[in-house]
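Peer 1: Sequence:
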Amino acid sequence: MKRFLALGFALAAALPSLAASPDDAAGTTIPAETPLDTAPLEWRGCRLQPGADCPGADLRHAPLKNIDLHGARLRGAKLARADLRHANLQGADLREAELDAADLSLAFLQGARLDGARLRGANLAFARLSGASLSGADLSAASLEMAWANKVNLQGARLNNANLQETKLSHANLREAELDGALLRYTILQDTVMDGCHGCPHDW
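Those letters in the sequence shown? Residues -19 to -1, 1 to 185, by mature numbering (1 follows the signal peptide of the UniProt record, and there is no 0).
One thing to keep in mind: the hints can contain errors.
[Unchecked claim] Under the rule of at most 30 Å between Cα atoms (straight-line distance), these lysine-lysine pairs were calculated in the DSS-like manner: (1) Lys59 <-> Lys132; (2) Lys46 <-> Lys132; (3) Lys46 <-> Lys59.
[To be verified] Okay, the calculated beta carbon distance ranges per label pair: (4) Arg28 <-> His183: 46 to 52 Å; (5) Arg28 <-> His179: 37 to 43 Å; (6) Arg166 <-> Pro44: 29 to 35 Å; (7) Ser151 <-> Arg41: 31 to 37 Å; (8) Asp184 <-> Glu23: 49 to 55 Å; (9) Asp184 <-> Gly37: 30 to 36 Å; (10) Arg41 <-> Gly162: 23 to 29 Å; (11) Gly57 <-> Glu23: 15 to 21 Å; (12) Asp184 <-> Glu157: 28 to 34 Å; (13) Gly26 <-> His183: 44 to 50 Å; (14) His42 <-> Asp161: 27 to 33 Å.
In case anyone wonders, no lab produced these hints; they're calculated from the structure. Every residue gets a Cβ at the ideal spot worked out from N, C-alpha and C, and that includes glycine.
Take these sequences, add in the hints, and give me the full structure.
Peer 2: Listed below in C-alpha coordinates is the structure:
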(Lines of atoms letter the chains of each structure in order from A and count residues from 1; the text may use other names and numbers.)
(Lines give C-alpha, C1' and ligand atoms only; values in the text may rest on other atoms or scores of the structure.)
Protein backbone atom coordinates (compact mmCIF):
# COMPACT_ATOMS: atom_id res chain seq x y z
CA MET A 1 0.00 0.00 0.00
CA LYS A 2 2.84 2.39 0.85
CA ARG A 3 4.43 1.67 -2.51
CA PHE A 4 1.22 2.62 -4.35
CA LEU A 5 0.88 5.85 -2.35
CA ALA A 6 4.49 6.76 -3.04
CA LEU A 7 3.98 6.13 -6.77
CA GLY A 8 0.86 8.32 -6.75
CA PHE A 9 2.68 11.21 -5.08
CA ALA A 10 5.55 10.89 -7.57
CA LEU A 11 3.18 11.04 -10.55
CA ALA A 12 1.33 14.04 -9.10
CA ALA A 13 4.61 15.89 -8.68
CA ALA A 14 5.73 15.05 -12.21
CA LEU A 15 2.54 16.07 -14.04
CA PRO A 16 3.05 19.87 -13.84
CA SER A 17 6.55 19.59 -15.26
CA LEU A 18 5.33 17.30 -18.03
CA ALA A 19 2.60 19.76 -19.03
CA ALA A 20 4.88 22.80 -18.96
CA SER A 21 6.70 23.87 -22.11
CA PRO A 22 10.06 25.69 -22.22
CA ASP A 23 8.12 28.92 -22.75
CA ASP A 24 6.07 28.24 -19.62
CA ALA A 25 9.30 28.00 -17.67
CA ALA A 26 10.27 31.40 -19.04
CA GLY A 27 7.05 32.89 -17.73
CA THR A 28 5.07 32.78 -21.00
CA THR A 29 1.87 30.76 -21.05
CA ILE A 30 1.12 28.96 -24.32
CA PRO A 31 -2.34 27.51 -25.02
CA ALA A 32 -2.64 23.76 -25.26
CA GLU A 33 -3.24 24.06 -29.01
CA THR A 34 -1.30 26.89 -30.66
CA PRO A 35 -3.12 27.74 -33.93
CA LEU A 36 -0.05 29.03 -35.76
CA ASP A 37 3.63 28.20 -35.50
CA THR A 38 5.41 31.54 -35.09
CA ALA A 39 8.87 30.09 -34.48
CA PRO A 40 11.25 30.88 -37.39
CA LEU A 41 12.10 27.89 -39.57
CA GLU A 42 15.22 27.49 -41.67
CA TRP A 43 14.60 25.63 -44.91
CA ARG A 44 17.19 25.44 -47.69
CA GLY A 45 18.72 28.78 -46.81
CA CYS A 46 15.46 30.64 -46.26
CA ARG A 47 14.49 31.88 -42.81
CA LEU A 48 10.72 31.42 -42.80
CA GLN A 49 8.92 33.86 -40.54
CA PRO A 50 6.45 36.77 -40.86
CA GLY A 51 7.75 39.19 -43.48
CA ALA A 52 10.36 36.71 -44.75
CA ASP A 53 12.28 37.88 -47.83
CA CYS A 54 12.92 34.74 -49.89
CA PRO A 55 12.00 35.35 -53.55
CA GLY A 56 12.60 32.28 -55.71
CA ALA A 57 13.22 30.06 -52.67
CA ASP A 58 13.13 26.30 -53.21
CA LEU A 59 10.48 25.10 -50.75
CA ARG A 60 9.24 22.08 -52.64
CA HIS A 61 7.70 19.43 -50.36
CA ALA A 62 8.41 21.66 -47.33
CA PRO A 63 6.45 20.79 -44.13
CA LEU A 64 4.95 24.22 -43.39
CA LYS A 65 1.69 23.32 -41.67
CA ASN A 66 0.45 26.10 -39.32
CA ILE A 67 3.38 28.38 -40.21
CA ASP A 68 3.00 32.16 -39.94
CA LEU A 69 4.28 33.79 -43.14
CA HIS A 70 2.05 36.84 -43.30
CA GLY A 71 3.57 39.58 -45.43
CA ALA A 72 6.31 37.25 -46.69
CA ARG A 73 7.99 38.05 -50.01
CA LEU A 74 8.05 34.74 -51.87
CA ARG A 75 7.71 35.85 -55.47
CA GLY A 76 8.64 33.04 -57.85
CA ALA A 77 9.18 30.60 -54.98
CA LYS A 78 9.00 26.88 -55.71
CA LEU A 79 6.36 25.42 -53.39
CA ALA A 80 5.14 22.40 -55.35
CA ARG A 81 3.60 19.81 -53.01
CA ALA A 82 4.41 21.92 -49.95
CA ASP A 83 2.28 21.31 -46.86
CA LEU A 84 0.77 24.73 -46.12
CA ARG A 85 -2.32 23.58 -44.28
CA HIS A 86 -3.68 26.31 -42.00
CA ALA A 87 -0.71 28.54 -42.86
CA ASN A 88 -0.99 32.30 -42.47
CA LEU A 89 -0.11 33.88 -45.82
CA GLN A 90 -2.13 37.05 -45.46
CA GLY A 91 -0.69 39.82 -47.60
CA ALA A 92 2.12 37.57 -48.84
CA ASP A 93 3.71 38.12 -52.26
CA LEU A 94 3.46 34.82 -54.14
CA ARG A 95 3.38 36.20 -57.65
CA GLU A 96 4.55 33.65 -60.24
CA ALA A 97 5.13 31.11 -57.47
CA GLU A 98 4.93 27.40 -58.27
CA LEU A 99 2.34 25.79 -55.99
CA ASP A 100 1.31 22.78 -58.06
CA ALA A 101 -0.31 20.10 -55.85
CA ALA A 102 0.44 22.15 -52.72
CA ASP A 103 -1.91 21.68 -49.76
CA LEU A 104 -3.32 25.09 -48.79
CA SER A 105 -6.47 23.82 -47.15
CA LEU A 106 -7.66 26.10 -44.33
CA ALA A 107 -4.89 28.59 -45.20
CA PHE A 108 -5.27 32.32 -44.61
CA LEU A 109 -4.61 34.11 -47.91
CA GLN A 110 -6.57 37.33 -47.48
CA GLY A 111 -4.98 40.08 -49.53
CA ALA A 112 -2.24 37.79 -50.84
CA ARG A 113 -0.83 38.35 -54.33
CA LEU A 114 -0.71 35.22 -56.46
CA ASP A 115 -0.87 36.79 -59.91
CA GLY A 116 0.56 34.44 -62.52
CA ALA A 117 1.09 31.70 -59.92
CA ARG A 118 0.75 28.00 -60.77
CA LEU A 119 -1.64 26.12 -58.50
CA ARG A 120 -2.53 23.17 -60.70
CA GLY A 121 -4.10 20.43 -58.61
CA ALA A 122 -3.58 22.46 -55.42
CA ASN A 123 -5.88 21.97 -52.45
CA LEU A 124 -7.44 25.26 -51.30
CA ALA A 125 -10.48 23.74 -49.63
CA PHE A 126 -11.83 25.97 -46.85
CA ALA A 127 -9.08 28.54 -47.52
CA ARG A 128 -9.70 32.24 -46.87
CA LEU A 129 -8.97 34.15 -50.08
CA SER A 130 -11.02 37.31 -49.67
CA GLY A 131 -9.37 40.23 -51.41
CA ALA A 132 -6.57 38.09 -52.84
CA SER A 133 -5.32 38.65 -56.39
CA LEU A 134 -4.86 35.64 -58.68
CA SER A 135 -5.04 37.29 -62.08
CA GLY A 136 -3.63 35.01 -64.75
CA ALA A 137 -3.06 32.22 -62.23
CA ASP A 138 -3.37 28.58 -63.30
CA LEU A 139 -5.75 26.75 -60.94
CA SER A 140 -6.57 23.89 -63.31
CA ALA A 141 -7.99 20.91 -61.40
CA ALA A 142 -7.47 22.74 -58.09
CA SER A 143 -9.96 22.35 -55.25
CA LEU A 144 -11.49 25.51 -53.80
CA GLU A 145 -14.38 23.68 -52.19
CA MET A 146 -15.99 25.77 -49.44
CA ALA A 147 -13.31 28.45 -49.84
CA TRP A 148 -14.12 32.05 -48.86
CA ALA A 149 -13.07 34.07 -51.91
CA ASN A 150 -15.22 37.18 -51.81
CA LYS A 151 -13.78 40.13 -53.77
CA VAL A 152 -11.02 37.91 -55.15
CA ASN A 153 -9.42 38.90 -58.45
CA LEU A 154 -9.38 35.94 -60.86
CA GLN A 155 -9.22 37.92 -64.09
CA GLY A 156 -7.78 35.74 -66.84
CA ALA A 157 -7.25 32.85 -64.41
CA ARG A 158 -7.54 29.23 -65.55
CA LEU A 159 -9.93 27.20 -63.41
CA ASN A 160 -10.65 24.41 -65.87
CA ASN A 161 -11.87 21.25 -64.09
CA ALA A 162 -11.51 23.00 -60.74
CA ASN A 163 -13.71 22.09 -57.79
CA LEU A 164 -15.68 25.24 -56.90
CA GLN A 165 -18.39 23.46 -54.96
CA GLU A 166 -19.87 25.84 -52.37
CA THR A 167 -17.09 28.37 -53.00
CA LYS A 168 -18.04 31.91 -51.97
CA LEU A 169 -17.16 34.18 -54.90
CA SER A 170 -19.36 37.18 -54.21
CA HIS A 171 -18.16 40.47 -55.76
CA ALA A 172 -15.29 38.59 -57.42
CA ASN A 173 -13.64 39.40 -60.75
CA LEU A 174 -13.86 36.53 -63.26
CA ARG A 175 -13.31 38.57 -66.43
CA GLU A 176 -11.78 36.43 -69.20
CA ALA A 177 -11.38 33.51 -66.77
CA GLU A 178 -11.65 29.90 -67.95
CA LEU A 179 -13.96 27.59 -66.00
CA ASP A 180 -14.59 24.84 -68.55
CA GLY A 181 -15.42 21.60 -66.74
CA ALA A 182 -15.38 23.28 -63.31
CA LEU A 183 -17.70 21.92 -60.63
CA LEU A 184 -20.02 24.81 -59.75
CA ARG A 185 -22.50 23.11 -57.45
CA TYR A 186 -23.86 25.63 -54.92
CA THR A 187 -21.16 28.14 -55.86
CA ILE A 188 -22.07 31.67 -54.75
CA LEU A 189 -21.47 34.22 -57.52
CA GLN A 190 -23.49 37.16 -56.26
CA ASP A 191 -22.50 40.42 -58.01
CA THR A 192 -19.50 38.71 -59.59
CA VAL A 193 -18.15 40.18 -62.84
CA MET A 194 -18.03 37.47 -65.54
CA ASP A 195 -17.50 39.39 -68.79
CA GLY A 196 -15.75 37.19 -71.35
CA CYS A 197 -15.59 34.26 -68.94
CA HIS A 198 -15.57 30.80 -70.52
CA GLY A 199 -17.65 28.25 -68.61
CA CYS A 200 -19.16 30.77 -66.18
CA PRO A 201 -22.88 30.34 -65.40
CA HIS A 202 -24.03 33.64 -66.90
CA ASP A 203 -27.62 32.90 -65.87
CA TRP A 204 -26.69 32.72 -62.17
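Peer 1: Each hint should be assessed against the structure and marked as holding or not.
Peer 2: Do the hints match the structure? See the list:
1. For the hint pairing lysine 59 with lysine 132, the CA-to-CA distance comes to about 26 Å; that is within 30 Å, so the pair holds.
2. Taking the CA atoms of lysine 46 and lysine 132, the gap is near 26 Å; set against the 30 Å cutoff, the hint holds.
3. For the proposed pair lysine 46 and lysine 59, the alpha carbon gap of about 16 Å is at most 30 Å, so the pair holds.
4. Judged by the Cβ atoms, the range 46 to 52 Å given for arginine 28 and histidine 183 holds: they are separated by roughly 47 Å.
5. For the pair arginine 28 and histidine 179, the supplied restraint of 37 to 43 Å holds, since their beta-carbon distance comes to about 42 Å.
6. Distance hint for arginine 166 and proline 44: a CB-CB separation of about 33 Å, consistent with the stated range 29 to 35 Å.
7. Under the hint 31 to 37 Å, the C-beta atoms of serine 151 and arginine 41, about 34 Å apart, fit the expected range.
8. Separated by about 52 Å at the C-beta atoms, aspartate 184 and glutamate 23 satisfy the suggested range of 49 to 55 Å.
9. For the pair aspartate 184 and glycine 37, the supplied restraint of 30 to 36 Å is violated, since their beta-carbon distance comes to about 43 Å.
10. Here the CB-CB span from arginine 41 to glycine 162 is close to 27 Å, well matched to the stated 23 to 29 Å.
11. In this structure the supplied range 15 to 21 Å holds for glycine 57 paired with glutamate 23, their Cβ-Cβ distance being about 20 Å.
12. The beta-carbon spacing between aspartate 184 and glutamate 157, approximately 19 Å, falls outside the hinted interval of 28 to 34 Å.
13. A hinted range of 44 to 50 Å holds for the C-beta pair glycine 26 and histidine 183, which are about 48 Å apart.
14. In this structure the hint that histidine 42 and aspartate 161 lie 27 to 33 Å apart at CB holds, the actual value being about 30 Å.
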